[in-house]
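Participant: Let's have the full structure, built from the sequences with the hints guiding it.
In case you want the letters, here they are:
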Amino acid sequence: MKLMHTKLPEFIKKMKDAATKGEKVKECNVVGLESLKTAKMQSLRTGRLEQAVEDLAKDARIDSVEVAVIPRRPESMHSAIVRGFDKDGKPLHAILETINILHPTEDVLLHDCEEIDDRRPPIGDH
Amino acid sequence: MNRLKYRVIPEGMLDDILVPLTIVLIDYEDVKACNLTMREACDKIAATIPGPAGLNMFDMTATTTNSDGVMLDGSMTCMAASDYGKINNEFGYLEMVELDYSDELIQEEPHLKQWKINFGDRKLIMGPDPKKKNIPIHNAVLTGRAGNNNSATEMMHCITMEEIILPISGQLQLMRDGDVEVGGTGWIISVGIGMVVAEEYGRIVPHRQFKVGDTAHKSGEYAKFLKSHIPIIAACKSDLAKYIIKALEAGMIPGKDIGASPAVLAVARHMKIKPDFDNMTKASFDELKSVGFTKEWMLENVEALTTDEIIARADEIIPGVDQPKTYKASDIVQIKYVEV
Chain A
1 MKLMHTKLPE FIKKMKDAAT KGEKVKECNV VGLESLKTAK MQSLRTGRLE
51 QAVEDLAKDA RIDSVEVAVI PRRPESMHSA IVRGFDKDGK PLHAILETIN
101 ILHPTEDVLL HDCEEIDDRR PPIGDH
Chain B
1001 MNRLKYRVIP EGMLDDILVP LTIVLIDYED VKACNLTMRE ACDKIAATIP
1051 GPAGLNMFDM TATTTNSDGV MLDGSMTCMA ASDYGKINNE FGYLEMVELD
1101 YSDELIQEEP HLKQWKINFG DRKLIMGPDP KKKNIPIHNA VLTGRAGNNN
1151 SATEMMHCIT MEEIILPISG QLQLMRDGDV EVGGTGWIIS VGIGMVVAEE
1201 YGRIVPHRQF KVGDTAHKSG EYAKFLKSHI PIIAACKSDL AKYIIKALEA
1251 GMIPGKDIGA SPAVLAVARH MKIKPDFDNM TKASFDELKS VGFTKEWMLE
1301 NVEALTTDEI IARADEIIPG VDQPKTYKAS DIVQIKYVEV
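So the sequence lines, in the order shown, correspond to chains A and B.
The first sequence finishes on residue 126 if you use our numbering, and the numbering steps up by one all the way, no holes.
The second sequence finishes on residue 1340 if you use our numbering, and the numbering steps up by one all the way, no holes.
No wet-lab data here; the hints were simulated from the structure.
Beta carbons are placed, not taken as given, at the ideal position from N, Cα and C, and that holds for glycine.
No false leads were slipped in.
Cβ-to-Cβ under 10 Å is the rule here; a few derived chain B residues that face chain A:
1) Asp-1083
2) Lys-1086
3) Asn-1088
4) Phe-1091
5) Gly-1092
6) Asn-1134
7) Ile-1135
8) Ile-1137
9) His-1138
10) Thr-1143
11) Arg-1145
12) Asn-1149
13) Met-1156
14) Cys-1158
Facilitator: What follows is the structure in structure tokens.
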């Protein structure tokens, strides 16, 4: 069954494919998702990102493309699941905690970039 | 063309501590004199600083609380973080909330009884409004590499991950050209920071999440290590003593009205004021004990001192700050001006 979201490996492949749409095949590197083992990526934005990669790939001045995925808000809230296992690997006791993480904002990637086209919706919109 | 004055501690080494980003302190009076909004003033100053910076603005005619719930003569009005000369539009700037006096407020937050007793002619400015923040949990602003957290009392470099703690009482000293202690935060302050009070618009924790007498840390022996390695610029002990004495003289009981931090407890002992043990939790006792402040220590029959004597001997009485060095504000703060 196909859900309304894109599989993580498929997402990465789509980005790389989109970078080949110009006159010259260009490399596209996806960063920021390395710690994810599985993920369903929002389809609507996957399409927009493919378009963005293609737009840059078609620019003759551009040699390679990077897609960096960072938290939209520079603070992310996580659950930490602390589990204790017996000698057979069966979980015996779990403690749930929360851990909030502060991140650098997108400015660290944009400060030396002259042309910025912000296609993001306001926070809270799709 | 006006000139806006501001104070700066530049990024880099300050004696043997690292200031991980540029620290900017601004007086709201100077901003008003230049006919600027608070945001405009922060933008103008940020534009002069190419690297990461935290910007704090003060209303020295207002009052607020520190993390112990002790009230002070001065408050932050806004905080900002900037990098590459700019403040991030979504996450880089936040204003603080002014509270109106009400009986309900005093009933819910009894430490604010100090307000009318000690600072009745001042407006009360607390932390930011949680509903207006784009950063959901922390009272923080972020731009690029710069982070300014806990309502402008800890600043961090988000790439090197280095941090500095700036208790508000120390920042007020810098604004007044007083003396400050520079050193390491150490175990005692690391525990003391956790002894918070319940505040709806708390500068550190909103929504009255933690009751006075408890610890926000709740991490036992681990609490003393949470911040101990971080450099700190704190008020000199005599100045801190004055604030704590004022709170205690206003009838505040440690562990019942104000946080039972080591600093508060140390002053209270010499004023023969006992903490409210019944209102304090086992978790808070455990954390205090882990840095030497046992119930027996709290009940020890120490010398009764006058307030003047406590202030004079504050360095010996109030614990905290590892390897402290005392500086005049003018020795570490540069005065600068920007054309506006």
